[in-house]
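Using the hints, position chain X against chain F.
Chains F and X, in that order, are what the protein sequence lines are.
Sequential numbering from 2 applies to the first sequence in my numbering.
Sequential numbering from 144 applies to the second sequence in my numbering.
If you are wondering where the hints come from, they were derived from the structure by calculation, not from laboratory data.
Idealized CB from N, CA, C, for every residue including glycine.
Be careful, since some hints might not be right.
As the list claims (entries may be wrong) - Covered by chain F, per the in silico footprint, the following chain X stretches (three or more residues, Cβ under 8 Å):
#1 148-158
#2 209-223
#3 232-246
#4 354-364
Unchecked claim - Part of the chain X face toward chain F, derived, beta carbon under 7 Å:
#5 SER162
#6 SER163
#7 ARG165
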Amino acid sequence: MNSPSVDERRRVLVVDDMNINLMVLMAKLRHMNCLCEGAETGARALEILPVFKPDIVLTDLWMPEMNGDVLAQTIHAMTDYHHLPIFVVTADTDSGTEFDMRVFTGVLQKPIDDVRLHAVLTSAFPTAPVTPRV
Amino acid sequence: MDDQKNERTFYHDVLNLASSLRGISEVICDVDAPTRTEMLSLINTLSETLIETINARRLYRSMESNDLKLTVSLIDCETLLSRTAASYRKHTLCQNKSIELIPSEHPSHPTPLHLLTDKDVLQGALGYGLRTALETVKSGQTITLSVTAEDASEPPAVLFSISFPGSVSDAEKQDVFKNPNHLRPAMTGLSAYVFHTLVTRYLNGRVNWTTHGSSLLLTARFNQHLDTP
Numbered sequence: 002m003n004s005p006s007v008d009e010r011r012r013v014l015v016v017d018d019m020n021i022n023l024m025v026l027m028a029k030l031r032h033m034n035c036l037c038e039g040a041e042t043g044a045r046a047l048e049i050l051p052v053f054k055p056d057i058v059l060t061d062l063w064m065p066e067m068n069g070d071v072l073a074q075t076i077h078a079m080t081d082y083h084h085l086p087i088f089v090v091t092a093d094t095d096s097g098t099e100f101d102m103r104v105f106t107g108v109l110q111k112p113i114d115d116v117r118l119h120a121v122l123t124s125a126f127p128t129a130p131v132t133p134r135v
Numbered sequence: 144m145d146d147q148k149n150e151r152t153f154y155h156d157v158l159n160l161a162s163s164l165r166g167i168s169e170v171i172c173d174v175d176a177p178t179r180t181e182m183l184s185l186i187n188t189l190s191e192t193l194i195e196t197i198n199a200r201r202l203y204r205s206m207e208s209n210d211l212k213l214t215v216s217l218i219d220c221e222t223l224l225s226r227t228a229a230s231y232r233k234h235t236l237c238q239n240k241s242i243e244l245i246p247s248e249h250p251s252h253p254t255p256l257h258l259l260t261d262k263d264v265l266q267g268a269l270g271y272g273l274r275t276a277l278e279t280v281k282s283g284q285t286i287t288l289s290v291t292a293e294d295a296s297e298p299p300a301v302l303f304s305i306s307f308p309g310s311v312s313d314a315e316k317q318d319v320f321k322n323p324n325h326l327r328p329a330m331t332g333l334s335a336y337v338f339h340t341l342v343t344r345y346l347n348g349r350v351n352w353t354t355h356g357s358s359l360l361l362t363a364r365f366n367q368h369l370d371t372p
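Pulled out of the complex, with its shape left as it was, chain F reads as follows:
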C-alpha cells in the first residue's frame, strides 16, 4: 500500500483529555506522514507549543480546566501564533450553542473520516503536495 502523505512531515499538535482519542488520531496522522505531538490538557499544549512549533492544532472541545475554545483564544493571543490553524475535533453536533466556534479555523466532526481529515490538513497547508489515501 502506498504510504499516504499530506506533505513533507508537517507538524500537528493534538489536544484531547482522553488518551484513547489522542492515540487514535495521532496514529491516523502518522499514517498520513505527519509529525505529531499529543497533549492531554490545554496547559500542556501551551507548554509544547513553543518547543514543537506545530503547523496546525487539532483540539477537543470539552476538556477539564481549559476547554478547546479557551485554548484556541489563548494560542491566537500569542504573538507568534496569531494565524496558527486550529481545528476543533468534536462529537457534539450542537457545539455552537455553548462555545464561540469562531475562534476555530474549522470543525472536524467525529467520527473522523479520513477524507475529511485529509481535507483539513490540505486546507491548512495549501502549498504542500498532497497524496490522497489509497
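Structure of chain X alone, referenced to chain F:
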C-alpha cells in the same frame, strides 16, 4: 438538565466512543506491536464503557419517567460495591485515576454485610455516585469506596461511602444534587443528581455530602430492610 441537553450529552458520549472504536479498527493494522497490544485492550475498555453508557441512559430514562420497577432481594453489599468499582475501573473516565475499595472490618456485623434492596438500581445509583467522583478528580488521584454497618442505629443501617479529592465552591453548594442546567459534570452535574434521585426516590435511602479540607465525602445510607416508597 432538560431532556434535550441530556440526550445531546448521551449522543455525544456514544458517538465519541463509537468513533474511537472505529478509529482503532482503522489504524490497528498499521501500528507497532506494543501499540497494537494496547489498542486491543482499549477495544475492550471502550466496548465496556459504551455498554455502560447506554445502560446508564436507560436507567436515567426510566427514573425520570417514574417507570423504574424494583425487584427486591438480599444482596451482599461488599460484592455489589466491588462489582461497581470493577466496572468503572474499565471506564474511560477512570484513565490515570484509581479506585480503591476498603474492606469492611466492623467486628460486630455478620459477614457478609447484607441489604434487602434492588440490586440493579442500587448498583446503578452507586455507579452514578462513583461517576460523580471520577468526574471531579484529576489524573493521578484516588477514589476510596467503603461500606459499613451502622449497628448502633435503629433500625440497623448500611452506609456506602465515596471519598475523593475535590471541593465545592460556595456558589455551587446550593446546586449539589439538583437537576443541572449545564453539561459539564461533577458535584453539580447530572451524575450527582441521578445518584441522589435513585437513592432517595427509589431506594428510600438518604444521601449526604460533606467536605473535609481538600476532599469530599459522598454517602448513601439505607435501612437494612428496604421500605418501598
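Hints and how they fare:
1. 148-158: holds (count 5)
2. 209-223: Violated - the region 209-223 of chain X has 0 residues with a Cβ nearer than 8 Å to chain F, which falls short of three.
3. 232-246: holds (count 3)
4. 354-364: violated (count 0)
5. SER162: Nearest chain F Cβ about 4 Å off; hint holds.
6. SER163: With a minimum Cβ separation of about 5 Å from chain F (threshold 7 Å), the hint on X/SER163 holds.
7. ARG165: With a minimum Cβ separation of about 5 Å from chain F (threshold 7 Å), the hint on X/ARG165 holds.
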